[in-house]
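When you get a sec, could you build the whole thing from the sequences and use the hints?
If you want the building blocks of each chain, they are given just below.
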Amino acid sequence: MSFSFRRLAFAALIAALAAPVAAPQPSRAADVDILNVSYDPTRELYVAINKAFAEKYKAETGKTVAFKQSHGGSGKQARSVIDGLDADVVTLALAYDIDAIADKGLIAADWQKRLPQNASPYTSTIVFLVRKGNPKGIKDWGDLVKPGVQVITPNPKTSGGARWNYLAAWAWALKQPGGSPETAKAFVGNLYKNVPVLDTGARGSTVTFTERGVGDVLLAWENEAFLSKKEFGDDKFDIVVPSISILAEPPVAVVDKVVDRKGTRAVAEEYLKFLYTKEGQDIAAQNFYRPRDPEVAKKYENVFPKVDLVTIDDPAFGGWRNAQKTHFSDGGVFDSIYTN
Amino acid sequence: MASAILTAAAPRQRSAVPGFGITFGLTVLWVSLIVLIPLAALFLKTAELTPDRILAILTAPRTLHALKISFGLSLAAAATNLVFGAVIVWALVRYEFPGRRVLDALVDIPFALPTAVAGIALTDLYAANGWIGRLLAPLGITVAFTPLGIFIAMVFIGLPFVVRTVQPVLEDLDADLEEAAATLGAGRWTTIRRVVLPAVLPAFLTGFALAFARGVGEYGSVIFIAGNLPNVSEIAPLLIVIRLEEFRYADATTIACAMLVASFALLFVINALQRWSQNRTGRL
Amino acid sequence: MSMSVPAEVAAMPAGIETPALPEDIRSEPRAVRWVVIGLATLFLGLFIMLPLVNVFTQAFSKGWAAYGAALVDADALAAIELTLIVAAISVGANTVMGLVMAWTLTKFEFRGKSLLITLVDLPFSVSPVIAGLVFVLLFGAQGTFGPWLIDHGWKIVFAWPGIALATIFVTFPFVARELIPLMQEQGTQEEEAAVTLGASGLRTFLRVTLPNVKWALLYGVLLCNARSMGEFGAVSVVSGHVRGETNTMPLHIEILYNEYQFQASFAVASLLALLAVVTLLAKTALEARIGRRHGH
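Protein chains in written order, with the working numbering: chain U, 1 to 340; chain Y, 341 to 624; chain C, 625 to 920.
These are calculated hints, taken from the structure and not from any lab test.
Just so it is clear, CB atoms sit at the ideal spot from N, CA and C, and this is done for glycine as well.
Just so you know, not all the hints are guaranteed correct.
What the hints assert, rightly or not - Over 12 angstroms on every C-beta distance to chain U, these chain C residues come out as not near it, computed from the model: (1) 662; (2) 663; (3) 665; (4) 681; (5) 686; (6) 689; (7) 693; (8) 724; (9) 774; (10) 782; (11) 818; (12) 824; (13) 827.
To be verified - With a Cα cut of at most 16 angstroms, we get these calculated EDC-like pairs of lysine to aspartate or glutamate: (14) 230/U / 44/U; (15) 838/C / 883/C; (16) 132/U / 238/U; (17) 51/U / 33/U; (18) 325/U / 335/U; (19) 51/U / 270/U; (20) 104/U / 586/Y; (21) 51/U / 282/U; (22) 175/U / 140/U; (23) 58/U / 33/U; (24) 68/U / 699/C; (25) 229/U / 883/C; (26) 185/U / 335/U; (27) 63/U / 31/U; (28) 229/U / 211/U; (29) 230/U / 883/C; (30) 273/U / 293/U; (31) 257/U / 775/C; (32) 262/U / 775/C; (33) 132/U / 234/U; (34) 325/U / 586/Y.
Below, the structure written as structure tokens:
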């Protein structure tokens, strides 16, 4: 009997753990709480930014500010904010996702004009991450559709980075001799035929490629590619810079409806402006985002390779709303790739 | 539905036990709040669409593929669990061997292990550089990020349902029947087929149905190991999440409703089958 | 549909059965026996044991110090705290209401009873993702009640109440399903006797019914707790993934996994795996108890 009593005590312990005790929510002492809802690869960037800004704010005003972060695929994050996630600021992968939030009246329609440079304090581009020594000899976009090459990229429907990947490929195909929307569509279609895994976010794809060892080439944010080399060592991966890529402008915005309700507008705006300061720009560059500030850019010019970059406002795309409608909306070009 | 219950709210015969009114009221309230109203919201949201649109969503190749993968692989996994579940139950109930109790306890692991933990552990094992994946890779078999991976995850989560449903029935099975059959000259295999199998068949069908229902809706353990490739390795619950993330709520609820209706239809069929089998064998 | 896996186990004898002797007429040839045992062991080892072992191996792949560091990380602690709070709410609510529902459904006869039982079972066959989705539809900012709630300063989705609601939904049948078969079997005679002798309803419940079902209740609570702490799909949809605030342990595991912190991810996972193992130990002990008490 004695042994069963011991077991019983064990069970009682578990039951006690589960007993409905009145558990108060943790209250953390800070003067202001800011929730930054961001996309996948900015995890490390905002850890550094938040720390620097909190110190600066404390020194200047004597007030403490506590940051909360949420990361995920850009589209998914926008959806959460629309559904009521209380973001003070959104720092997403592309303007369209912030437009979607603005369309619901949470952010003023002119948000992109409120901060310099299309409200994108840093830029990035899309590069290829390949296995050490580049065994498949991947040099440019054209090599991605060769038979036997496995390409890793996330789902453009849910991931912002994936949409940049897709558009960069499209831009390259258009600029080839005899390029037209038809040939570009065929090219992109062939590219996705070589994709064995379609993760929902950029980080998921990076993990699939680096940790799981799937695929020959990862279409990645430049910062993700650099970070992977840093995390896993230079002897594992090489970065290949294609002949043409896209200028990715991840924008930021204050969520008006939320900051006005919470009374956090001043801090939130201060925070986004901090991204444009020398200090903020420096942190961005250290995390492999291309800084906008010419001086900081000069300091890091050896880090970032020179690439021929097309922009989303190129006539081939005509801005995000157009590109989204043509390529990624229901029944758009991307859908036709997967329904055929 | 709720009103149908309410009109019948008086107990059929007066019971000496008190508390019917209050517990019945609380039960109906609780079921309505947590189960009925939320699920009704699902159907209401779907009802906002025109029938044409609903049909278009459901017959889109991607939706059909996702449903086919969820239901098809879940069916295959439940069938696999039926076979190996039978072997395991037989070993656990009929034989005494060292480590039997450990095996018995192991059966419950998938029931208690959080699905996300199971998902990352299985992915880690079956990826090309994992413990098992490394052995399979030279044979040209890739499990992780293919439908085969989804199948493995579904087998994992479904096993306890088959074993734990059949086990008590097989344990309670009267020894006399088998002995009588043997005395009458039936071979061992014939006895099992003609005497044991009919008796445990209803339990097997129930276990199969439970494993199947669990597999169809499974998300946590599957998404890590599935390739999540549209039309190839995308499960229906993931498609619901993706539609939600694309702001297409009505699409998400339409697929959700289809899944609910389909699982119910299948469960009803299997339950009917079980009743028929019980009637046939005269076992309760 | 009967979700009666544990219930039937509950009703089975103490797990000790007469071992089949080799010369037993109910047994098979030795070779067949060993093939069956071998297959069973292989299958369970490969499919069930190996993933479990893998979790712990990965968790300790960088030694004890790294393991400890992963667990005392501020975000990890917040996730553990939230998981415990949500599990407490969900287990508490489902225990109380499980008793109430079981009382109504077993001590009285009324029309529509089987429909009500079906509704209690329903959440079991609903995909967890759908469970999360319905609460976003109801309480999200674009949902039925969302705008009103937000105007009045109530946060349901992307905050702990939404996570608790989704968890309650997913674990809805666990306690009631343990109690119903047992209370049905016990009938109403003891309660009737107590009432006849002048005991109040509440007193009858506390002194007569509760002691009769306490082991089954504890068993249901255990399963409900394990599932509450481990729920991923439903919680993922309603969480918002705010670190240190709306991340439960399973979500924190996913985040770490996506941050190249595989060892830390498996370290947190090992806590939940440990919970699973402890749950099973307690369950085995309880099965013996229930079997002894109500053994046929």
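Does residue 818/C sit more than 12 angstroms from chain U, CB to CB?
-> holds, 26 angstroms
Is the straight-line distance between the alpha-carbon of residue 132/U and that of residue 238/U 16 angstroms or less?
-> Holds, at about 5 angstroms.
Regarding the assertion that residue 827/C does not contact chain U, is the least Cβ-Cβ distance greater than 12 angstroms?
-> holds, 22 angstroms
Given pair status - residue 31/U, residue 63/U, alpha carbons within 16 angstroms = holds, 6 angstroms
Could you let me know if the closest chain U CB is still more than 12 angstroms away from the CB of residue 824/C?
-> holds, 24 angstroms
Is the straight-line distance between the alpha-carbon of residue 262/U and that of residue 775/C 16 angstroms or less?
-> Given pair residue 262/U, residue 775/C holds - Cα atoms ~12 angstroms apart, limit 16 angstroms.
Are residue 229/U and residue 883/C close enough, with their CA atoms no more than 16 angstroms apart?
-> Answer holds: residue 229/U to residue 883/C is near 14 angstroms, not above 16 angstroms.
Has the given pair, residue 257/U with residue 775/C, been kept, meaning a C-alpha gap of at most 16 angstroms?
-> Judged against 16 angstroms, a Cα distance of about 11 angstroms means the pair holds.
Would you check the hint for residue 175/U and residue 140/U, treating anything up to 16 angstroms between C-alpha atoms as holding?
-> Measuring from Cα to Cα gives roughly 13 angstroms; hence the hint holds.
Starting from residue 68/U, check that the Cα of residue 699/C is at most 16 angstroms away, please.
-> holds, 10 angstroms
Holds or violated: residue 325/U to residue 335/U, with C-alpha atoms at most 16 angstroms apart | Holds. Residue 325/U to residue 335/U sits at ~11 angstroms (cutoff 16 angstroms).
Test the statement that residue 782/C is away from the interface with chain U: the closest C-beta pair must be farther apart than 12 angstroms.
-> Contrary to the label, residue 782/C does not stay out of reach of chain U, its closest Cβ about 4 angstroms off (not over 12 angstroms).
Hint check: violations occur at hints 9, 10, 15; the rest are consistent with the structure.
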